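A.B. asks: In order, the protein sequence lines correspond to chains A and B. Start counting the first sequence at 1; every next residue gets the next number (my numbering). Start counting the second sequence at 1; every next residue gets the next number (my numbering).
If you are wondering where the hints come from, they were derived from the structure by calculation, not from laboratory data. Heads up, none of these hints are tricks.
With beta-carbon atoms standing in for the labels, derived distance ranges:
| hint | chain 1 | residue 1 | chain 2 | residue 2 | range |
| --- | --- | --- | --- | --- | --- |
| 1 | B | S113 | A | A32 | 49 to 55 Å |
| 2 | B | L288 | A | T747 | 47 to 53 Å |
| 3 | A | A97 | B | S113 | 47 to 53 Å |
| 4 | A | R607 | B | R179 | 51 to 57 Å |
| 5 | A | A129 | B | D167 | 44 to 50 Å |
| 6 | B | E236 | A | P406 | 38 to 44 Å |
If you only want the chain A side, here are some residues facing chain B, beta carbon under 10 Å, derived:
| hint | residue |
| --- | --- |
| 7 | G124 |
| 8 | E128 |
| 9 | A134 |
| 10 | V137 |
| 11 | A138 |
| 12 | P146 |
| 13 | V148 |
| 14 | V268 |
| 15 | R269 |
| 16 | L299 |
| 17 | R302 |
| 18 | S304 |
| 19 | S314 |
The model shown is predicted, which means the values in this text are computed figures rather than measured ones. Glycine included, every Cβ here is placed at the ideal spot set by N, Cα and C.
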Amino acid sequence: MPAPAPDLTDPLARLLAEYAVPPGVADELLDAQGRMRPVWAPFLRLVAGESAEGLARRFARGDQYLGDAGVFFRQYSGPQPERAWPLSHIPVLLAEAEWQTITAALAERADLLEAVMADLYGPGKLVEAGLLPAELVAGNPHWLRPLVGVQPASGHFLHLLAFEIGRNPDGTWFVLGDRTQAPSGAGFALENRMATARAFPDPGLRRHVRRLAGYFRAFGQHVEGLARAGGGGAAILTPGVNTDTYFEHAYIARYLGMMLLEGEDLTVRDGQVLVRTVSGLRPLSVLWRRLDSEWADPLELRESSQIGTPGLVSALRDGGLILMNALGAGVLETRALLAFLPKISEALHDRPLAMPSIATWWCGQESERAYVEAEAGRMMIGPALSTALPFDTADGTGPGDRWATPATRTARLAAEGARLVGQEAVSLSTTPVHDGTRLVPRPMTVRVFAARTPDGWVFMPGGYARIGRSGDATALAMQRGGSVADVWIMAEAEVAEDSILDAAPLSRQRDVLVLPSRAADNLYWLGRYVERTEGAVRLTRAYHLRLAETGDRDERRVALLGEAMWAAGLSPAEPVPQGLIAQVEAARSCAGKVRDRFSPDGWAALRELSQTAARLAPQTDPGDDAARKMGLLLRTLAGFSGLVQDNMYRFTGWRFLRLGRSLERALGTAQFLAALTAPGQPMGALDAAIELGDSVLTHQRRYRAEPRRETVLDLLALDGKNPRSILFQLGVLAEVVADLPDPGEPTRRTPITHKLLRLRTDLEVATPGELTPDRLREIAAKLQALHHLVGQAYF
Amino acid sequence: MLYDVRLRIDYGYATPADGGRTLLRIMPPTLTGAQEVLAASVGIDPAPDERRERTDFFGNALTEIAFRQPLDHLRLTLRARLRRRAEPDRLDLSPQVAGLAAEIAGTGLEPLSPRHFLGASDRVRPTREMTDWARAQVRDDMSALEALVALSSALNAEMRFDPGATDAGTRPEDAFAARHGVCQDFSHVLIACLRGLGMPAGYVSGLLRTEPPPGQPRLEGADAMHAWVMAWCGTELGWVGHDPTNACFAGTDHLVIARGRDYADIAPVRGWLRIAGAQSSGQAVDVLPVGA
Numbered sequence: 001m002p003a004p005a006p007d008l009t010d011p012l013a014r015l016l017a018e019y020a021v022p023p024g025v026a027d028e029l030l031d032a033q034g035r036m037r038p039v040w041a042p043f044l045r046l047v048a049g050e051s052a053e054g055l056a057r058r059f060a061r062g063d064q065y066l067g068d069a070g071v072f073f074r075q076y077s078g079p080q081p082e083r084a085w086p087l088s089h090i091p092v093l094l095a096e097a098e099w100q101t102i103t104a105a106l107a108e109r110a111d112l113l114e115a116v117m118a119d120l121y122g123p124g125k126l127v128e129a130g131l132l133p134a135e136l137v138a139g140n141p142h143w144l145r146p147l148v149g150v151q152p153a154s155g156h157f158l159h160l161l162a163f164e165i166g167r168n169p170d171g172t173w174f175v176l177g178d179r180t181q182a183p184s185g186a187g188f189a190l191e192n193r194m195a196t197a198r199a200f201p202d203p204g205l206r207r208h209v210r211r212l213a214g215y216f217r218a219f220g221q222h223v224e225g226l227a228r229a230g231g232g233g234a235a236i237l238t239p240g241v242n243t244d245t246y247f248e249h250a251y252i253a254r255y256l257g258m259m260l261l262e263g264e265d266l267t268v269r270d271g272q273v274l275v276r277t278v279s280g281l282r283p284l285s286v287l288w289r290r291l292d293s294e295w296a297d298p299l300e301l302r303e304s305s306q307i308g309t310p311g312l313v314s315a316l317r318d319g320g321l322i323l324m325n326a327l328g329a330g331v332l333e334t335r336a337l338l339a340f341l342p343k344i345s346e347a348l349h350d351r352p353l354a355m356p357s358i359a360t361w362w363c364g365q366e367s368e369r370a371y372v373e374a375e376a377g378r379m380m381i382g383p384a385l386s387t388a389l390p391f392d393t394a395d396g397t398g399p400g401d402r403w404a405t406p407a408t409r410t411a412r413l414a415a416e417g418a419r420l421v422g423q424e425a426v427s428l429s430t431t432p433v434h435d436g437t438r439l440v441p442r443p444m445t446v447r448v449f450a451a452r453t454p455d456g457w458v459f460m461p462g463g464y465a466r467i468g469r470s471g472d473a474t475a476l477a478m479q480r481g482g483s484v485a486d487v488w489i490m491a492e493a494e495v496a497e498d499s500i501l502d503a504a505p506l507s508r509q510r511d512v513l514v515l516p517s518r519a520a521d522n523l524y525w526l527g528r529y530v531e532r533t534e535g536a537v538r539l540t541r542a543y544h545l546r547l548a549e550t551g552d553r554d555e556r557r558v559a560l561l562g563e564a565m566w567a568a569g570l571s572p573a574e575p576v577p578q579g580l581i582a583q584v585e586a587a588r589s590c591a592g593k594v595r596d597r598f599s600p601d602g603w604a605a606l607r608e609l610s611q612t613a614a615r616l617a618p619q620t621d622p623g624d625d626a627a628r629k630m631g632l633l634l635r636t637l638a639g640f641s642g643l644v645q646d647n648m649y650r651f652t653g654w655r656f657l658r659l660g661r662s663l664e665r666a667l668g669t670a671q672f673l674a675a676l677t678a679p680g681q682p683m684g685a686l687d688a689a690i691e692l693g694d695s696v697l698t699h700q701r702r703y704r705a706e707p708r709r710e711t712v713l714d715l716l717a718l719d720g721k722n723p724r725s726i727l728f729q730l731g732v733l734a735e736v737v738a739d740l741p742d743p744g745e746p747t748r749r750t751p752i753t754h755k756l757l758r759l760r761t762d763l764e765v766a767t768p769g770e771l772t773p774d775r776l777r778e779i780a781a782k783l784q785a786l787h788h789l790v791g792q793a794y795f
Numbered sequence: 001m002l003y004d005v006r007l008r009i010d011y012g013y014a015t016p017a018d019g020g021r022t023l024l025r026i027m028p029p030t031l032t033g034a035q036e037v038l039a040a041s042v043g044i045d046p047a048p049d050e051r052r053e054r055t056d057f058f059g060n061a062l063t064e065i066a067f068r069q070p071l072d073h074l075r076l077t078l079r080a081r082l083r084r085r086a087e088p089d090r091l092d093l094s095p096q097v098a099g100l101a102a103e104i105a106g107t108g109l110e111p112l113s114p115r116h117f118l119g120a121s122d123r124v125r126p127t128r129e130m131t132d133w134a135r136a137q138v139r140d141d142m143s144a145l146e147a148l149v150a151l152s153s154a155l156n157a158e159m160r161f162d163p164g165a166t167d168a169g170t171r172p173e174d175a176f177a178a179r180h181g182v183c184q185d186f187s188h189v190l191i192a193c194l195r196g197l198g199m200p201a202g203y204v205s206g207l208l209r210t211e212p213p214p215g216q217p218r219l220e221g222a223d224a225m226h227a228w229v230m231a232w233c234g235t236e237l238g239w240v241g242h243d244p245t246n247a248c249f250a251g252t253d254h255l256v257i258a259r260g261r262d263y264a265d266i267a268p269v270r271g272w273l274r275i276a277g278a279q280s281s282g283q284a285v286d287v288l289p290v291g292a
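Given these sequences and hints, build the entire structure.
C.D. replies: Put into structure tokens, the structure is as follows:
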């Protein structure tokens, strides 16, 4: 039946008329007859009724959210290592009835994968029975021999899965790939949802959209229950800040109230996995692994791994830890496995796959190889053992007709057959994307997340679709410019309010109080670097102010500060010294490693500081201009300090941050006082000291006279009321140290307390006259010793 | 031949090393028909805080130890009495190299299945240079066993034994390019060559008889742990040991300790210590015949 001619005065009809779906594919918005699917009607009416500017404003709100939340995606190449999250603002809408069919099929598939995993690491019957070729296992780098025979502590190998699914031209769904190793994206799905909700906050629209929070709550409760039963904590294991999805690891950790750990945070004793914390070793019961298996244990797996935990496999063998998912689960992602799943399903579960996989032929079999060769024109050919999705062409996968010339194809297929698979070059369904002026159809896949709970597999209702950059299905990969969209599962009835905040974690109180040593170390150094940056900025400013006054780099006061700059690793020749930028970067790097414990605002402030410093560097002149720019940096720094001081909850982590700042300030002050108050220094050295100590006004008001050695030392070393003085900072240190946790062995904190008390008492009774440069250097040395004691006790 | 064996491995640390976890594979196995362990013990000084014994995937005995306090030294000692039997002279019933694939096809995933010993493993990756060289040494009409001997002997002739030239981390392709190395390099290169031709090949660690029988030359590598190669020569012959460093079959002078795909699978000491200062290490081996 031909569709009636559209009424182009109706904005919705016009929108639909402009939306041209390519022939031969299904579309999410339009059904096979070219009619809008009913679930889209309210949403599309809203989009159609919106002006171009109105839509742009909506999209900008979504982007603003992502920017403020600091959502980023790390890419491996290109000028910017971190790329803004590529959100396509138009969600994909699916009817709930269809979704239920999808998830029922995927639940069956999840159980099948569990059974395959149990066999590959257990009796090996699939290979024995000829259901799976032995070479796909024996030659598979993801089949980890040390794990063979290791039973998972919870009784299950798989806990968290993701399935990449696509829609056939006939409207049915198929699986492009199973993600079993360490599926990513669930946290980004939450951010997709938050950002899309900013763009389309209209309550009428959202009333029928299934909420995501329930999924996380169900999984969080399950983890919490397992942890409680095991008597230890629950944590997420991340490869660290250099991984492309680190943001998500930090985000989920914060969201679910789980510790975010790296391999070196863990240690193994007598078959039990323990976390190194500032309160000593604490047992761990559940670990959600976001680290690929091969890297998890340098002792039994990849020996070169620097990010693993020696003995982890041994602990698993002892049943001392529930790992989600079990090590070695990556083998299930092997492309060639898809060719054998249908028969395995029949053999193990007595029924065909509830949702078919992408058609796959392993070229290690003669007839399959012949078929792939004959049909090369509609195949993608690539490595059999690859775990990449079919459209990921980075691993040498390519269209069959271009993969080799017809002349060489036969020979290559014959020679390398067992290492190759052919996969049908699929036609994915399209979904609307807004290109700035209108809706255009783009290919898409949906990522479906599943979590095991005591009540069976629970599925996240939507949240994540990948959208191609162009009509070409291979452009789906994010590294190649693809984008991501929210997926709305549209319920028939209205959905109960279930805010994301309601899914707040249960275990927040217990776990967050336990601070891993590495996190404490990073917070401590963050404090030190930020303070050191401030010192460097003040010093640079003081230098350029003098330079502006005298215009002579060799003038004695200018030269004196120049020397102090050299001593601090700053070049006076550079108006914004590289050494200063390096300090900011060091601070940012420390902050980046503890993002789960850090407010997005604080992170944004540091990022701004680093961007400003880098931007100013090439466009600043020596002298007055440099001094002014330093003032700008100081104000940005003050913004960060204010956020930390006023807004950060006084968890143990804050104390380590404070400890680092106070220690660095006391140390820096002792050092510049030793240099600038030495006898024989030129006129103006004392003025510079007061300026570096940010106490110009205080000095004027307190002494109403030109600075003398005694007044400067009194104010900057001995005045207990001046936050810039050494004594004041020793007071802060004493307070902070008193509140630090007991590091497992009480005897390790005692020397810190003693040393601090002695130093403080010394200064309390000292007179300015006694504070010779030698004495000040001695104080600096004692502060250094204190630093070492803190490191020994806690990191 | 009956042997008394003593192996001592010493580590010294200038600054005490942080306690760590270490896997030891120094306990010899009993191999039906070839090697029989009558008595054996592994001593560890200082005594570790944790110690457990098990076998790995390939069936090698493995001792896992852990220390909680810093160490200034670590001494590992193996004492054993074992009997090594000469393997009976066998007819060469191995197929041609090209015929191996059909026989491999009939095997499964059991620990010493030839399937595990093909292609790349952690330390060994066949490269075109090594495969091309290997192809040039082997004639099409050679049996698998003949190919093994030909390759091992040719390598022995071309590569120079040089204890100073490589270390435990040297890649086989680099040792091959420079044509020098120690038993580990000889073995890794031979494994890469064999696998490049489609022959399953593995790494054997072990010990050599210290003093040769009267009238025979002392074997290279007798004063420390040694390594050689095992190659799978078909269903009939199975695994055959050959020593590329000495260009001989692994016979009654070769005592087996562990078998795996390459060194990474069966390193005698695979450990994890945080070391700040200098480290020294030494090995002492005595393999003395005490009877027939």
